[in-house]
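**Q** What follows is the residue order along each chain.
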Amino acid sequence: MSFALQNSLYPANHKTIFVLDHTPYFGISCENPIEFDFLKTRGPGFIPMTPISKTLWTSSVISAIEYCRIVWDLFPQGKLVRFIASDTVAHILNTWSPTQQNLTHIMNGMSLIGIPPPPPPIRSVNTQLDHTVLHGLRAAIEALSEPTDIQMQHTKNSQDGPKILNNTRVICITSARDNESMKRLEDIFLTVLNQQNKIASTSDKLLPVHHCHLVIINTFPVNIESQVNNHHPKHLSQILTTEVHSIKAPQIPHKLSSLILEHYDLASTTVIGIPMKEEQNASSSANYDVEIFHASSAHTAILKGNASDSAAIRTIKDGMEYETTTLKWCTPRGVTGSELQNCTSMHRITPVDVNSRPSLCLINFLLNGRSVMLEMPRKAGGKITSHLLAAHGGEIFIHTLCTARSVLEDPPSISEGCGGRVTDYRITDFGLLIKQNTLLPIKTKPSKEETEEPIEKMKTRLNRLTRYWPLTISSTLIFNLKNYFDPLPTLITKDKLTDEEVFQCKKVIYNLISLESKMEPLHPANTGQRVKGQKREEQYKAMWNELETLVKNNLHSENHRSIYTCLLECHKFNFEDDKISDKVELDEALHQLDNIGPGKPDQEIPRASVIRATTDSPMSPPPLTSIAPPLSRTLTNRGGGIYNTQRTLLEIFTLQEKVKSRTEFVGRQTDSLTYKLYSNLKTEDRGPREMEIE
Amino acid sequence: MPTIILLDVSLSMTKPVQIEDSLETVTRKQLAEVGICAFLDHLSIHSKLEFISLMAFSSLYEERCPFTRDYNVIKAELKNIEDYDKTCIETALHGVNQMVLGEWGNNTACQVLLVTDGNTGLGSNSLKESLATLSQRSAKLPFPVPFSFPGKLHIVCLTTPSDSNFVKSKPLYQRLIDLTGSDGSILIPDNLHSESSVIGLFQKLADDMYTTFKGTLKCGNMESKIVLSPAPVPYTQVTDFESTTTIISDLIEVCGFISVSDVGSPMAVSRHLILPASSPVKAASPKKQEKPSGELEIIDDDATDEARIPSFCVLLHGAIRVENVAALVNIGENWFGFVYSWADSKKKSNLMLTILTPGSDAIPWLGDLNHLGSADSFSPEQVGGFPVKPLEKRSYSQNGVVWIKQAGLQSDIQKILRHARKLPEKTQQFYKELNRLRKAAISLGFLDLLNGLAYIFEQECLQLPGTAHPDCALQLQHAAEVLRKKQNPDIKYVVMPLKTNYNSS
Numbered sequence: 001m002s003f004a005l006q007n008s009l010y011p012a013n014h015k016t017i018f019v020l021d022h023t024p025y026f027g028i029s030c031e032n033p034i035e036f037d038f039l040k041t042r043g044p045g046f047i048p049m050t051p052i053s054k055t056l057w058t059s060s061v062i063s064a065i066e067y068c069r070i071v072w073d074l075f076p077q078g079k080l081v082r083f084i085a086s087d088t089v090a091h092i093l094n095t096w097s098p099t100q101q102n103l104t105h106i107m108n109g110m111s112l113i114g115i116p117p118p119p120p121p122i123r124s125v126n127t128q129l130d131h132t133v134l135h136g137l138r139a140a141i142e143a144l145s146e147p148t149d150i151q152m153q154h155t156k157n158s159q160d161g162p163k164i165l166n167n168t169r170v171i172c173i174t175s176a177r178d179n180e181s182m183k184r185l186e187d188i189f190l191t192v193l194n195q196q197n198k199i200a201s202t203s204d205k206l207l208p209v210h211h212c213h214l215v216i217i218n219t220f221p222v223n224i225e226s227q228v229n230n231h232h233p234k235h236l237s238q239i240l241t242t243e244v245h246s247i248k249a250p251q252i253p254h255k256l257s258s259l260i261l262e263h264y265d266l267a268s269t270t271v272i273g274i275p276m277k278e279e280q281n282a283s284s285s286a287n288y289d290v291e292i293f294h295a296s297s298a299h300t301a302i303l304k305g306n307a308s309d310s311a312a313i314r315t316i317k318d319g320m321e322y323e324t325t326t327l328k329w330c331t332p333r334g335v336t337g338s339e340l341q342n343c344t345s346m347h348r349i350t351p352v353d354v355n356s357r358p359s360l361c362l363i364n365f366l367l368n369g370r371s372v373m374l375e376m377p378r379k380a381g382g383k384i385t386s387h388l389l390a391a392h393g394g395e396i397f398i399h400t401l402c403t404a405r406s407v408l409e410d411p412p413s414i415s416e417g418c419g420g421r422v423t424d425y426r427i428t429d430f431g432l433l434i435k436q437n438t439l440l441p442i443k444t445k446p447s448k449e450e451t452e453e454p455i456e457k458m459k460t461r462l463n464r465l466t467r468y469w470p471l472t473i474s475s476t477l478i479f480n481l482k483n484y485f486d487p488l489p490t491l492i493t494k495d496k497l498t499d500e501e502v503f504q505c506k507k508v509i510y511n512l513i514s515l516e517s518k519m520e521p522l523h524p525a526n527t528g529q530r531v532k533g534q535k536r537e538e539q540y541k542a543m544w545n546e547l548e549t550l551v552k553n554n555l556h557s558e559n560h561r562s563i564y565t566c567l568l569e570c571h572k573f574n575f576e577d578d579k580i581s582d583k584v585e586l587d588e589a590l591h592q593l594d595n596i597g598p599g600k601p602d603q604e605i606p607r608a609s610v611i612r613a614t615t616d617s618p619m620s621p622p623p624l625t626s627i628a629p630p631l632s633r634t635l636t637n638r639g640g641g642i643y644n645t646q647r648t649l650l651e652i653f654t655l656q657e658k659v660k661s662r663t664e665f666v667g668r669q670t671d672s673l674t675y676k677l678y679s680n681l682k683t684e685d686r687g688p689r690e691m692e693i694e
Numbered sequence: 001m002p003t004i005i006l007l008d009v010s011l012s013m014t015k016p017v018q019i020e021d022s023l024e025t026v027t028r029k030q031l032a033e034v035g036i037c038a039f040l041d042h043l044s045i046h047s048k049l050e051f052i053s054l055m056a057f058s059s060l061y062e063e064r065c066p067f068t069r070d071y072n073v074i075k076a077e078l079k080n081i082e083d084y085d086k087t088c089i090e091t092a093l094h095g096v097n098q099m100v101l102g103e104w105g106n107n108t109a110c111q112v113l114l115v116t117d118g119n120t121g122l123g124s125n126s127l128k129e130s131l132a133t134l135s136q137r138s139a140k141l142p143f144p145v146p147f148s149f150p151g152k153l154h155i156v157c158l159t160t161p162s163d164s165n166f167v168k169s170k171p172l173y174q175r176l177i178d179l180t181g182s183d184g185s186i187l188i189p190d191n192l193h194s195e196s197s198v199i200g201l202f203q204k205l206a207d208d209m210y211t212t213f214k215g216t217l218k219c220g221n222m223e224s225k226i227v228l229s230p231a232p233v234p235y236t237q238v239t240d241f242e243s244t245t246t247i248i249s250d251l252i253e254v255c256g257f258i259s260v261s262d263v264g265s266p267m268a269v270s271r272h273l274i275l276p277a278s279s280p281v282k283a284a285s286p287k288k289q290e291k292p293s294g295e296l297e298i299i300d301d302d303a304t305d306e307a308r309i310p311s312f313c314v315l316l317h318g319a320i321r322v323e324n325v326a327a328l329v330n331i332g333e334n335w336f337g338f339v340y341s342w343a344d345s346k347k348k349s350n351l352m353l354t355i356l357t358p359g360s361d362a363i364p365w366l367g368d369l370n371h372l373g374s375a376d377s378f379s380p381e382q383v384g385g386f387p388v389k390p391l392e393k394r395s396y397s398q399n400g401v402v403w404i405k406q407a408g409l410q411s412d413i414q415k416i417l418r419h420a421r422k423l424p425e426k427t428q429q430f431y432k433e434l435n436r437l438r439k440a441a442i443s444l445g446f447l448d449l450l451n452g453l454a455y456i457f458e459q460e461c462l463q464l465p466g467t468a469h470p471d472c473a474l475q476l477q478h479a480a481e482v483l484r485k486k487q488n489p490d491i492k493y494v495v496m497p498l499k500t501n502y503n504s505s
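Just so you know, the sequences run in chain order A and B. Heads up: the first sequence is residues 1 to 694, going by UniProt numbering. Heads up: the second sequence is residues 1 to 505, going by UniProt numbering.
Derived from the structure by calculation, the hints contain no laboratory data. Bear in mind the structure is a predicted one, so any value in this text is a computation, not a measurement. There could be a bad hint or two in this list.
Capping the alpha-carbon separation at 30 angstroms, the derived lysine-lysine pairs in DSS-like fashion look like this [unchecked claim]:
hint : chain 1 : residue 1 : chain 2 : residue 2
1    : B       : K214      : A       : K79
2    : A       : K457      : B       : K422
3    : B       : K405      : A       : K383
4    : A       : K459      : B       : K422
5    : A       : K383      : B       : K348
6    : B       : K422      : A       : K328
7    : A       : K317      : B       : K225
8    : B       : K389      : A       : K457
9    : B       : K389      : A       : K328
10   : B       : K225      : A       : K552
11   : B       : K422      : A       : K277
12   : B       : K389      : A       : K248
13   : B       : K79       : A       : K255
14   : A       : K457      : B       : K214
15   : A       : K383      : B       : K204
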């Protein structure tokens, strides 16, 4: 595995521990008094107050907390930070548990620890209490070998695969006398680290530390010159890299800001030209800048692209050691959220100066649901919109927009492809299907032992709702005659039906029967639609057949079945007839047509003439053979083949139906080869009925 | 998928090759030219919408043709390339990164076709040396591979398999391909001494490089055969502790619909046009023509025929466009995408597939994508709404205390004083801000601030104008007293307003 890949697979920033020096020395002042401008304007009677200055402890806590604020804003999961304060013992403020990875927990812990203890009286020579940061470093090393939840999970998963690497980082804020004592500190750290690894290698609960990055921040009040020199990262051993930064206490936050960019591969963006109303002068607005941090990959596209363009927007941040990318606020036009932007990456952001007025202004603007485009100028002239800032669910993201050329240049329109010339798609009906199947987050109860995810249920549901769903208006009749069928088409697709709903569906069927008996033509509710010059009988026949298809495809429960039975009881279906005319996919139709040709003795020889169901006498048995489909109908139906997948079921069903409903001619039931027809005519009883009924 | 043809023009490419059954000798560069032309000819028939560019390299590199769909430009340019010094692949690959990033950005999958002779260069610029010093690169200029874009590397060596240089270079090439993280290939002609063999090699390569994606778009029982353009490539995702490569399934199944404004603009791994593919009906058409029936021939009108057969794709496109929704689709094991209507220009509208990063947590504000469902199937208390909010608020919506800069602390104190001057109306706000500041000061071990604030309050009392409400002085005095109580500062203690005659009602 390559070095780079290893580093990105097992980043040191997964586990960070802050070791804060809580020894009496840190109780001293930074000697950097805070100025209160608002007190200067007071009248002559005002007695100046004693200057207030942060202690070294306060400075280091504030800086470390700020580091965590940025980390946890940008990476809510998977980037863990622990705090250990060290005086005579190590105070461990939190564990690797995700529940303790938040600022509130740390702040509460800090308040319990309180300020550093007072220095021991000089006279007491033999105090048992040894104030040193080493206690904390020792505890930190032990903590590094404790696996995190994620590490445990991956160790379990990769038992036979490659072992996970426990890469870690310790940031220690302390104060050393000189280079020598700093060197000693590093050496002790390495020794303890090696010891701990030995212990870990024999334990199945601990992980050996594969690498630790020790960052030591040596700090001191502003009025002191330190004897400790900075040193760049150096590999003390294969498992330990150390670096030392010697800085005055008020500078710690700045140092950590630069370091955090390295540690988490972040970048800084300065949004310039944000128009803001002045507090004093609400009518005018001035432009402000806001600096934000985010993952550096948000800038990969623009910074790696045109070199001269990117050089123009990169500047070293004032008073800092890092670069910031300057992008211009672009006053949003319209609602940008209403379309899907071509976004190549998205990352959480956090403002660098979270409580400043310009930052708050930008944040509130975004949190209120509006979004902002950022643009960069181009050397060649003009500018391009490169990023989008937007809040989603209370979190603000920077979206990198595609600024490059698209390979999808000049694509063909959908109307030029297959199905593009069809103009009567059931768009409105599909719109209803969309509304019925709009997704929402489901709070699943973990106690429920249901293995099926809601999204899988959705697929099943869509399957059920589309058992019979003609694509075009011209391929359906019943969906165009909503006024006669509602609410049956909606109800029938439900997985369960109440008795009331069954009744409603049956009512629809009964109503149709009565309309048919009155020979009333069926008019679509929407008069704008063109009605085909269909004969009334044909219309009814097609209607019944389609209704049968719809109901038969939706036999989801016993109640559904009862509707189907009702339909069959109410209307005599001519299934043999349907076989070719309505239910066959084009391929199959063609196949069958091929078979009909001469020389192919076929079971389905077309009958010479057709007697329609409505004109047949009620007692006539259904015709045995099928009719050749009218050509025009094949043409209109063949495209709809997509949803007609129930052919085999139909065949089974019609077979059963044949067996059930058609009793053998009485004459053939006897052994004799001849039988007298209309034998009961002679008798008093004239009802042919008797013969039909068993 | 755009392709860069990276042609080695070092001196070794001029080495002659004896052509079989002829007295003719050609140089390897000439063979390369013939091969590349065959490659382009193949594309102009089968994939004419692809962008191709040409870059020549030796110890330096030069972009000879920018990305174009006009392959004749490249063919013409091939004839104008002179011979230069030695091979330096690393430099050329830097050039490739530069060129692709400039044109397509870091997100478009591209292919690199390196045409060379099996020599990997000499000395410090050789590939051997480049790979040996791989880990010693600075962060500013890392090794060019893996590419800065999703890239595949194919290497064509115009040499014989037994060539000693090639035997040595082959593992180096393989290493380079492995570094890209995608499956590339190393190819050599079956017979170097035959032009047709070289042509065949390039044609086959073109065929392999541009496989089309054919699949099915399904929504319940409705479905359409589709082609995705450009074809999706396997996606490798590196997260902490995991590196996984996923391949898109050929079944793209609609799970439901979400309004476009709820979807937001999530990060896309790639975007693809969904084109309805010819239905299998077309395969049946020869049969139709055999039919003696005259009337049936009406439907044998090829192109127009397909456009007139209803396609689910077109229905879906029409409806999601009208409803302004996107369809959430499942495109693989725990992998999702969105299908929506997209228009390049005002007129031409298309069905587009956006592929999200693998995993059901690809979009934080939609929650776990596996936990999305229809409101009809669940009880009302189980159904939430968009956006899904994280359990914890981010620092910028928490009103936390940041006293890194003096201004932060000053404005917090000023806020309290502003409220103080408006007591008793602002009693609530005054104590709220006071407690916030007190709690933070205790946590941060900034006890001097509490004393300082008490002092400021006392001074404030003395400075109060005659018109001030009497409660003002009482509350400030009370607050100052509480702040001064140094013993055992406890953050749980809340400073309460002093009960006075003025606020007891």
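**Q** A separate judgement is required for each hint: does it hold in the structure or not?
**A** A quick look at each hint next to the structure:
Of the supplied pair hints, the one linking K214 of chain B and K79 of chain A is violated, its CA atoms being roughly 40 angstroms apart against a limit of 30 angstroms. Annotation: proposed proximity of K457 of chain A to K422 of chain B is violated, straight-line Cα distance about 59 angstroms (limit 30 angstroms). A threshold of 30 angstroms between alpha carbons decides the hint, and for K405 of chain B with K383 of chain A the separation of about 35 angstroms lies outside it, so the pair is violated. Of the supplied pair hints, the one linking K459 of chain A and K422 of chain B is violated, its CA atoms being roughly 61 angstroms apart against a limit of 30 angstroms.
With a CA separation close to 26 angstroms, the supplied pair K383 of chain A and K348 of chain B stays within the 30 angstroms bound. As the CA atoms of K422 of chain B and K328 of chain A are separated by approximately 40 angstroms, the hinted pair breaks the 30 angstroms bound. The straight-line distance between the Cα atoms of K317 of chain A and K225 of chain B is roughly 54 angstroms, outside the 30 angstroms bound, and the hint therefore fails. A threshold of 30 angstroms between alpha carbons decides the hint, and for K389 of chain B with K457 of chain A the separation of about 24 angstroms falls inside it, so the pair holds.
Proposed proximity of K389 of chain B and K328 of chain A is supported: the alpha carbons are some 29 angstroms apart, at most 30 angstroms. Restraint check for K225 of chain B and K552 of chain A: the C-alpha separation of about 26 angstroms stays at or below 30 angstroms, so the hint holds. About 25 angstroms separates the Cα atoms of K422 of chain B and K277 of chain A, which keeps this hinted pair within 30 angstroms; it holds. With a C-alpha separation of about 40 angstroms, the suggested pair K389 of chain B and K248 of chain A falls outside the 30 angstroms cut-off, and the hint is violated.
For the proposed pair K79 of chain B and K255 of chain A, the alpha carbon gap of about 57 angstroms is over 30 angstroms, so the pair is violated. As the CA atoms of K457 of chain A and K214 of chain B are separated by approximately 26 angstroms, the hinted pair is consistent with the 30 angstroms bound. For the hint linking K383 of chain A to K204 of chain B, the alpha-carbon distance of about 43 angstroms lies beyond 30 angstroms, and the restraint is violated.
Of the hints listed earlier, those the structure fails to meet are numbers 1, 2, 3, 4, 6, 7, 12, 13, 15, in rising order.
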